[in-house]
Each structure stands twice: as structure tokens, then as C-alpha cells.
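> Protein chains in written order, with the working numbering: chain A, 1 to 432; chain B, 1 to 239.
Be aware that a few hints might be false.
Claimed, not checked - Distance condition first, Cα-Cα at most 20 Å in a straight line; then the derived SDA-like pairs of lysine to any residue:
{"hint": "1", "chain 1": "A", "residue 1": "Lys-197", "chain 2": "B", "residue 2": "Leu-51"}
{"hint": "2", "chain 1": "A", "residue 1": "Lys-335", "chain 2": "A", "residue 2": "Lys-111"}
{"hint": "3", "chain 1": "B", "residue 1": "Lys-168", "chain 2": "A", "residue 2": "Asn-344"}
{"hint": "4", "chain 1": "A", "residue 1": "Lys-431", "chain 2": "B", "residue 2": "Gln-41"}
{"hint": "5", "chain 1": "A", "residue 1": "Lys-417", "chain 2": "B", "residue 2": "Ser-210"}
{"hint": "6", "chain 1": "B", "residue 1": "Lys-53", "chain 2": "A", "residue 2": "Ile-423"}
{"hint": "7", "chain 1": "A", "residue 1": "Lys-426", "chain 2": "B", "residue 2": "Lys-16"}
{"hint": "8", "chain 1": "B", "residue 1": "Lys-168", "chain 2": "A", "residue 2": "Phe-192"}
{"hint": "9", "chain 1": "B", "residue 1": "Lys-38", "chain 2": "A", "residue 2": "Tyr-89"}
{"hint": "10", "chain 1": "A", "residue 1": "Lys-417", "chain 2": "B", "residue 2": "Asp-22"}
{"hint": "11", "chain 1": "B", "residue 1": "Lys-38", "chain 2": "A", "residue 2": "Tyr-238"}
{"hint": "12", "chain 1": "A", "residue 1": "Lys-111", "chain 2": "B", "residue 2": "Glu-12"}
{"hint": "13", "chain 1": "B", "residue 1": "Lys-6", "chain 2": "A", "residue 2": "Tyr-238"}
{"hint": "14", "chain 1": "A", "residue 1": "Lys-111", "chain 2": "B", "residue 2": "Asn-36"}
{"hint": "15", "chain 1": "A", "residue 1": "Lys-431", "chain 2": "B", "residue 2": "Val-15"}
{"hint": "16", "chain 1": "A", "residue 1": "Lys-431", "chain 2": "B", "residue 2": "Lys-53"}
{"hint": "17", "chain 1": "A", "residue 1": "Lys-141", "chain 2": "A", "residue 2": "Ser-159"}
{"hint": "18", "chain 1": "A", "residue 1": "Lys-426", "chain 2": "B", "residue 2": "Asp-27"}
{"hint": "19", "chain 1": "B", "residue 1": "Lys-6", "chain 2": "A", "residue 2": "Arg-320"}
{"hint": "20", "chain 1": "A", "residue 1": "Lys-111", "chain 2": "B", "residue 2": "Lys-38"}
None of these hints come from the bench; they were simulated from the model.
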Amino acid sequence: MMEEKNHRNKFYSLDNAGFLYTSIASSRMSTVYRMTVGLAEAVDKAALQQALEQIIHRFPYFQVTLKRGLFWYYYEHTEVIPQVEEEAYYPCKTMRQRQGKTLPFRVLYYKSYIHVEFNHSLCDGGGGLVFFQTLLVEYFKVKKGIVPKDLGNAMDIHSDVDPKEFEDSFKVYHKEKVPPPPGDRKVYHFPFELLDKGEYLLLTGIVPVAPLLALAKQNKCSLTQYLLALYMESIQEYIQGLPMSEKKKRHQRIAINVPVDLRKMFPSITMRNFFISLNPEIDLALGYYTREEIIEQIKSYMGLYMNPKYINRYISRNVRNEQFIFLRIIPLWVKKLLMPIIYNRYGERGYTSGLSNLGVITVPEEIKPFVKSIQVFPAPSAESRLKLVTVSYDGKLSLSFGKTSGVTVIEKIFFRKIRQLGIPVKIETNKR
Amino acid sequence: MAYCPKCGVEVEHGVKKCPLCDFPIPDLDEADEQENSKYPQAINTYSEDHLGKKNLAFFSIGIIALSMVAIIGVVYMVYPWNHVLLKYIALSIISVFVIVFFAMNYLKPNYNFWGAYITVVITCYCIYRIGETQNGWFLNYALPIATLVYVGISLFRFVYHHTRHKSKFVFIPTNLIIFIIIMAIGLDGIISLNTQGWLHLTWSLIVAASGSCIIVILQTIYHRIPEKTRKIIEKKMHL
Numbered sequence: 001m002m003e004e005k006n007h008r009n010k011f012y013s014l015d016n017a018g019f020l021y022t023s024i025a026s027s028r029m030s031t032v033y034r035m036t037v038g039l040a041e042a043v044d045k046a047a048l049q050q051a052l053e054q055i056i057h058r059f060p061y062f063q064v065t066l067k068r069g070l071f072w073y074y075y076e077h078t079e080v081i082p083q084v085e086e087e088a089y090y091p092c093k094t095m096r097q098r099q100g101k102t103l104p105f106r107v108l109y110y111k112s113y114i115h116v117e118f119n120h121s122l123c124d125g126g127g128g129l130v131f132f133q134t135l136l137v138e139y140f141k142v143k144k145g146i147v148p149k150d151l152g153n154a155m156d157i158h159s160d161v162d163p164k165e166f167e168d169s170f171k172v173y174h175k176e177k178v179p180p181p182p183g184d185r186k187v188y189h190f191p192f193e194l195l196d197k198g199e200y201l202l203l204t205g206i207v208p209v210a211p212l213l214a215l216a217k218q219n220k221c222s223l224t225q226y227l228l229a230l231y232m233e234s235i236q237e238y239i240q241g242l243p244m245s246e247k248k249k250r251h252q253r254i255a256i257n258v259p260v261d262l263r264k265m266f267p268s269i270t271m272r273n274f275f276i277s278l279n280p281e282i283d284l285a286l287g288y289y290t291r292e293e294i295i296e297q298i299k300s301y302m303g304l305y306m307n308p309k310y311i312n313r314y315i316s317r318n319v320r321n322e323q324f325i326f327l328r329i330i331p332l333w334v335k336k337l338l339m340p341i342i343y344n345r346y347g348e349r350g351y352t353s354g355l356s357n358l359g360v361i362t363v364p365e366e367i368k369p370f371v372k373s374i375q376v377f378p379a380p381s382a383e384s385r386l387k388l389v390t391v392s393y394d395g396k397l398s399l400s401f402g403k404t405s406g407v408t409v410i411e412k413i414f415f416r417k418i419r420q421l422g423i424p425v426k427i428e429t430n431k432r
Numbered sequence: 001m002a003y004c005p006k007c008g009v010e011v012e013h014g015v016k017k018c019p020l021c022d023f024p025i026p027d028l029d030e031a032d033e034q035e036n037s038k039y040p041q042a043i044n045t046y047s048e049d050h051l052g053k054k055n056l057a058f059f060s061i062g063i064i065a066l067s068m069v070a071i072i073g074v075v076y077m078v079y080p081w082n083h084v085l086l087k088y089i090a091l092s093i094i095s096v097f098v099i100v101f102f103a104m105n106y107l108k109p110n111y112n113f114w115g116a117y118i119t120v121v122i123t124c125y126c127i128y129r130i131g132e133t134q135n136g137w138f139l140n141y142a143l144p145i146a147t148l149v150y151v152g153i154s155l156f157r158f159v160y161h162h163t164r165h166k167s168k169f170v171f172i173p174t175n176l177i178i179f180i181i182i183m184a185i186g187l188d189g190i191i192s193l194n195t196q197g198w199l200h201l202t203w204s205l206i207v208a209a210s211g212s213c214i215i216v217i218l219q220t221i222y223h224r225i226p227e228k229t230r231k232i233i234e235k236k237m238h239l
């Protein structure tokens, strides 16, 4: 109880990624991502609300509202209890948190699905998953009285809050005087027409994970790398089929943004953002690539760059940018005006699309029969019109595209490729 | 279980066409798409949210304008100060407010443009009346120039909305230059008509000539020189 009181009247300065996400948020870039769980039966709203109220005290750093500082935003603890709502709007809807008392996450339900949407300034997929799984465990405790023996990834809600859970790990692990990584070069962007502001489409392909894993093993790479190769190949195929001159096609470069969860690389237990993105790329000026060549390219790239030393260049650059005095003293309202413009121009020019693999998600054995599917969807973005997040649960891999465009040509090529490998695909979408 | 015959992927029960390729999927047992879908029919709240913010901004500006006009009205009545200046200030506040109203895009774009044009003309006329100068600048200069700008912008918008254009980096500059040329010729014409009494174009011709050159270059870059012409040029230039 004492512990809990200490967290009241407390403010949390944003983490390094949070600074960026709060200042670039706009009606098209809501910076909100979604986690979905499909249950075996319809969701009980009252039980979900009760579960949420029971776990929120364990996550004081999530029970916050965004406040305006002089130079940056910050999160302040609030006593507002989050409310469960029935889903009625487009997914990943903008959170108007600059204006009011909304919490930076929302819990929704529809039929037998529970959705939790997080603002990316609050936490990344790793932290979000812990909250999500804790909610799920608590829901079944309330609804069915199931108390699992092994909580797995979920948090024990009776344990004390560890200050390390809300530390800014970027600041902890950055090093002074590490040179910054080389800058991004402009790469190919999808020329698709944007949807109306406020609209967002999701398209999920569900595939069995075993055959894909076997194929990855055959190619001596990880599942993420294999999916990445398939995705890059699809984009290459799309460019090859475009009605533009061969010379122009050869000018294109395809890069995919791949977030790396740094909790695996550094000993951090933070629930907030702690990731860095790498951009493996293929340059069509060198010729068209076969699938094997793309896999080789990605494998070599990851082998070269995915190590704490090189990753630290990114961390240190980001922290340095944040602490750069001339940037810091610009008043918040100027930052708010300029950041979206600068980010649109430079922030995403270095990658065509994004692919994030959150890995295998498990739930405690006792509640497994009631949980049918788990999916995660990316946050919408105007420049990178199509993004992909993959998670696997119970032997099924969901490949979830989030799109700010109505065009489905890339997904068509991508899923047809998977079909050609002899793997069955099931498609779900919110498009009507 | 329903499958798309073209993509070979399984789709949700009751779906009418493939989500990937839009190929129609035969309806076997007339299942309702809405009933089986994982997602509700989504509502887009963007325009509502946006309208809320816009109204707030507009009403704040409205209150400021109103109170300023009220202050000036009181000063005008009780304080024997420069009355002409006060009239100018009140007029400019009101016209700025009206322009802001049209810029807020509450009406259809065409009405907004028309409204802004009328506001400018009326403001000019009021200034003309307050100033009591009798050299006729309103009819000679203000009205024709405002009309010219209005017609020019309308034309630009019409062309922009009613033509197919693939590359905006070529299309917008081209039309912008055409707009500038029309403006220059119009202005030059109005000035020469007023000063010399007849149409005598001078500097605007230079603008027109150089502008046309830029347009030709832009269009050539975009459309490329035809094969035949290129061969002739190559021959003549000994390339």
C-alpha cells in the first residue's frame, strides 16, 4: 500500500521514443497500435471491467495522462479508472490525449474479441504484451475463477512495483562519444492513394507456423528473416510489374524497418519503449534479387549489425538528440508545429515499410482452451502506407497488415507467394 | 469454409468478394457478412473531432473580433479622436474576421472563394468611401485587379480539378506559371489602360516569354522529345 501511494502525485518523463511519438502524432499518424485476442465465447463486459480495475494498480506507470510541459510533454499519474468500451470506431483511432484526460491506452471488446490499444509513446510491443497478458489472466480469474499456477509472461498483480519497470532504458544503456550510425538514404515508397483521414484498414493472414518454420530452417535463417525475404520479394515483384521504364525501376531501393527488442540484448525489464529499428535493404540498381539472394542479404545484414556495440550507436544518437540543448529549449508549441512536418519529410524516408515480429506468445495452460487467437496490429502511418506485424500463438502465425490505403496489391502478391509454397492462408479484414 | 478461386486463400464465412483481389466468391448458404465479421461497421469520427476544434478556434476569433469592434465603437462615440482612423481599424477587423470565416471552409469551396472576393471588393469600396478621395481608384484599379485575381485563381482550380495528371511535380508548376503569366498580362493591361488610356503591354510580355520557355522545358522533360525529333537533333548536333 505504501508503495502504491508513492506512485500517486508522480510524474513520468517520457522515454526517448515517447518524445518523438507524442510530437509527431496527427490524425493520420495516431501512433496507436492494437493487440487483439479472440476468445472461445462472447466477452463479458462486466468481468473485463472488473479485471481491468484489479490490475491497473499494478501498472501505475500506465495509469497516467499526458500533460504539457514548457519544452516537452510528460505523463502524470491520475486516479481516473480506465473504462471498457464496445468497439464502434476505426481501429487505432487517434487518442486526443493532448486535449483531455484520456489514458494513453484503451480496452475495447466486440463479440468474442478483446482489443487493447496502446499509444506508442507509453510502451512498445514488449511492455504492451505484459499488460495485455496480465489482463487476460485476470479476466479468466474473474469470469471463471481460474488461477493459473504458472503466470508465464503475465505480471503477478500482488507483487510490488519495481522502479526498473518504468525506467528509460535508453538513457541507462547509452554511451557517450559513440559515433552515430550512417544516415538513411531515400528509398522506394508506395504510391498508393491514401484513405480519408481517420480511416484505417486491417488485413490479417493466418497461416500455420510449422511449415514456414521448416522452410526457414531449410534456408538456415530465422522465421523473421524468412518472412522479411518474402515481403521484400513481393515488393520487388510489384515494382517489376509497374508501368514505368526499366531504367526508373532500377533506381529503386527497398528497405524494411525491423524493430529489435532490446530487452533481449540488454538486461532491462522496462515496460516502456526499448527498441531500435534496423533497415535491411536491397538495391535494385544491382539487379533483381532471387529469394535466396534476399535471404542471404538479410542474414548478412543482421549478422553484421545486430550486436550491442552497433545498436548502441543508434541508442546513443537518439539520446544525444534528445539531450541536445538547442533542441531542448525550443518551446513545445514550436516543436508541435514543426515535428510532424520534419518527421514526414525525413523520419520515414529510409524505409519502404515495416515488419515487426513479436515472436511466440503463450498464455497459461489453464486458460489456453478459452483463447482462440492472438493478433497484433501496427500503428497507422501516412508515409509508410503498409506495415506488417506478426505474432504466433498456438501454432498459428498471424501476419497482420495495417494500411492507410485501400490498395491490396502487395498483400495479394505476398499471400499468393505463401500459397504457392503449399501453405494454407486464411484472410480476415475490416474492409467492407 | 469459403475460398477465393484466384488467390487460393480461405476467407471469412459470408464474405462476398476476396479481400485480396476483389474476385466475387460464390454465395453458398447466404450467410450474412456483418453477422460473421470480426469487426463492427466502423464509424469515422475524424470530421466530428476536426469540426469541434475548428468551431472552438472560430468562436475564439469571433469573440476577440467582436470585443475589439465594441471597444472601437465606444471610443468612437465618447472620445473625440481621429474618427477616420477608427473607421479604418473597425473595417479591417470586420473584414479580417469575414475572410477568416471563409478560410475556415465552412461552406463549399466555390462559395468560400466567391465570398472572399466579395469581401475584398466591399472592403475596398468602404475604404474608398471613408477616404473620400475622388480620383476613382476603386473603379480604375481595385475592382479590376480583385476580379482578375479571382478569375485567375478560379481558372487555376478548375484546370487542376478537371484534368488528369500523373506527375504533380510537373503539372502544378506548369499551371502556376500559366497563372502568373495571366496575372502579369492582366496587371500590365490595367495599369497601361489607366495611365495611357490604351492597351500597351511591356514587362508582362517578358514574363510571358520566359514563363512559356520554362513550361516548354518542363513538359519536354515530362513527355520526352518524340523519337523522330530526337533523331533529327542528334544528327544536326553531331551527337
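> Going back to the hint list, which numbers does this structure go against?
Numbers 2, 5, 6, 11, 16, 19, in rising order.
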